[in-house]
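Enquirer: Generate coordinates for the entire structure from the input sequences, incorporating the hints supplied.
Taken in sequence, the protein lines are chains A and B.
For the first sequence, the positions run 1 to 315 when the numbering used here is used.
For the second sequence, the positions run 1 to 240 when the numbering used here is used.
I should point out that these hints are in silico values taken from the structure, not numbers from a laboratory.
Even for Gly, the Cβ is constructed at its ideal location relative to N, Cα and C.
You may find that some hints are simply not true.
As the list claims (entries may be wrong) - Listed next, the in silico SDA-like pairs over lysine to any residue satisfying Cα-Cα at most 25 Å (straight line):
hint	chain 1	residue 1	chain 2	residue 2
1	A	LYS137	B	PRO37
2	A	LYS111	B	LEU16
3	A	LYS137	A	GLY168
4	A	LYS77	B	VAL85
5	A	LYS77	A	SER187
6	A	LYS111	B	SER150
7	A	LYS137	B	PHE17
What the hints assert, rightly or not - Pairwise CB distance ranges, derived in the manner of DEER restraints:
hint	chain 1	residue 1	chain 2	residue 2	range
8	A	GLY68	B	LYS20	39 to 47 Å
9	A	GLU58	B	PHE188	47 to 55 Å
10	A	GLY117	B	ARG21	26 to 34 Å
11	A	GLY188	B	VAL111	58 to 66 Å
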Amino acid sequence: MERPFALEATDITLRYRSSGRGIADLNLEVDRGEIFGLVGPNGSGKSTLLRVLSTSTEPDSGTFRVGGADGLREKRKVRAKLGLMVDRPTHYGDLSGWANAYFFARLYGMKEEKAEGALSELFEYFDLAAYRDDRVKTYSYGMGKKLALIEALAHSPEVLLLDEPSLGLDYTSQLALQRKIRDLASSGVAVILASNQVDEVESLCDRVAFLHEGGIVAEGTPEALVSSLQGVRRIVATLRNPVGYEPVKGVAGVDRIVPEGRDLVVHCEDRPGIVADVVAAIVRADGDITDLSVRRPSLEDVFVKLTGEALRDED
Amino acid sequence: MRINPPDAYWKKDVALFFGKRFALLIKMLYPMAIIIPVAASNIPAEYAAAVIGIVAVMAGTFGAGESLTIDLNDGILMRVALTPVSPRRIVFEVLAVNALLDFVQLFPALVAVYVLHPAPLIWVLAATFGVFATLVTANAIGIFIANFTSSPADVLLYATAILFPLIYVSGFFRNQNPEGILAFLRNFVPFAYMNDALKAVFGLPVETAPLSIFVYPVIVCAVLVFAVCLMAPRLLSPRL
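Expert: Encoded structure:
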């Protein structure tokens with residue numbers, strides 16, 4: 001008999017009555033041990049999809065199964081198989097971090113000894129052991145995120161739903177999280193990672209789906225998606241002072257210009273001489289370039305190419 | 001039995017209740033600060049009984065309604081609802097533990113009343129049970145209200161709209177001797193049984209038999225608890 005997918009969603013549609021936005025006819029299959037990335041700008045439907053898959057909200061139509069259990073009819077079975085981290089985790093502020101995590105571990109049916117063992121290991125892993133008995137209201141945002149990760153992982157879920165897990169984490173914790181996700185995937189856990197941190201998605205995920213206006217516009221391995229952008233370059237010029245970039249727009253072959261802080265990111269065709277033309281245009285606009293790099297396209301560029309929109313709000 | 005770290009929803013509430021010492025002191029003192037002066041004063045017995053009743057009704061309704069509304073807005077209750085624990089069990093535990101903790105708050109003040117107004121044991125037990133039934137009812141109302149509220153101010157508004165008619169029907173202040181439809185409706189409100197038992201403790205003659213205080217409010221409370229638990233999946237769903 002064929003083993004079911006770890007997660008299988010068919011024709012999921014959920015429209016918010018207030019705004020008419022949501023997701024429509026989404027199909028998704030995630031295998032055991034696979035890390036699946038959901039990428040899209042704010043409002044594209046990532047969190048809505050996770051809300052449905054977490055059994056928090058019933059879709060208007062469509063079905064989904066987690067580890068073979070029906071997401072609409074067997075909610076409690078599905079919940080037991082899921083590890084969940086929402087984008088804005090909340091805790092009982094007057095309880096300690098340990099008490100919060102222990103509470104959730106026991107609600108997921110873990111026995112006392114097993115819960116204590118798993119939590120000790122995770123508190124140690126995420127460098128939270130020294131703060132385990134402090135009240136959560138004294139935690140920083142990043143510590144709260146780590147605690148939410150611990151709560152999501154402690155009961156050894158079959159499927160992990162993570163919404164922007166590394167947002168707000170320090171660099172060391174981000175690396176620890178990535179290592180943990182890889183370890184979990186290699187032990188057979190399916191991971192669904194909704195994130196706009198394209199570097200992280202590109203390095204971690206086996207497959208990626210781009211969401212735009214509630215639908216999947218492209219899906220594939222990061223390598224396949226990026227290689228679909230052959231003939232595109234990404235020039236990043238770091239400027240001493242912000243300048244008007246009208247002259248750069250006029251350069252033949254320039255598709256799009258995105259200012260990101262002190263950087264000017266120029267998406268353009270890969271034609272001979274285009275880097276020199278772009279630099280000359282910046283200099284003509286009185287731009288003082290302090291650093292310059294020509295990078296291969298990233299997943300972000302793929303998204304821009306597909307939808308004409310940036311993944312993140314422009315500065 | 002270990003309460004902290006908690007391994008069940010009700011233990012979490014108990015741990016939070018006893019966790020903050022200053023807040024706990026206030027919680028334990030305020031019912032006494034209101035009830036004991038009233039019990040020790042010479043105000044008419046029916047009004048003394050009414051004051052104790054009002055304290056119980058308000059403590060129960062606002063306690064459950066406000067804390068649930070805050071937890072729902074915060075998102076933490078939604079997170080708890082996404083564990084494999086049944087939403088009905090969560091709501092039942094919220095109701096049961098809140099009613100018990102409210103009772104713990106009121107009990108010392110009730111003991112003071114019984115000391116100041118010695119009454120037959122059966123009426124003391126009936127009044128104590130009547131107060132507990134009132135707390136269960138008030139908490140059920142608070143949880144029902146939390147289905148529609150988004151802030152503590154909303155709780156106040158909705159609670160006022162629901163509680164005032166019930167308090168009137170129960171005969172706390174006016175309508176002491178209801179007739180006709182009001183007398184019939186009074187039978188279905190647990191507050192009324194508590195009010196009668198407290199009047200008896202304060203020495204007033206009442207028509208209600210002590211035994212009925214142990215029977216009818218239980219039936220009404222059971223129906224209310226069942227109804228509130230039925231609403232649990234809706235209460236613990238995100239409001240879109």
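Enquirer: Hint by hint, note whether the structure agrees.
Expert: Hints and how they fare:
no., hint, result
1, A:LYS137 - B:PRO37, "38 Å, violated"
2, A:LYS111 - B:LEU16, "22 Å, holds"
3, A:LYS137 - A:GLY168, "16 Å, holds"
4, A:LYS77 - B:VAL85, "10 Å, holds"
5, A:LYS77 - A:SER187, "21 Å, holds"
6, A:LYS111 - B:SER150, "36 Å, violated"
7, A:LYS137 - B:PHE17, "16 Å, holds"
8, A:GLY68 - B:LYS20: 39 to 47 Å, "45 Å, holds"
9, A:GLU58 - B:PHE188: 47 to 55 Å, "35 Å, violated"
10, A:GLY117 - B:ARG21: 26 to 34 Å, "32 Å, holds"
11, A:GLY188 - B:VAL111: 58 to 66 Å, "59 Å, holds"
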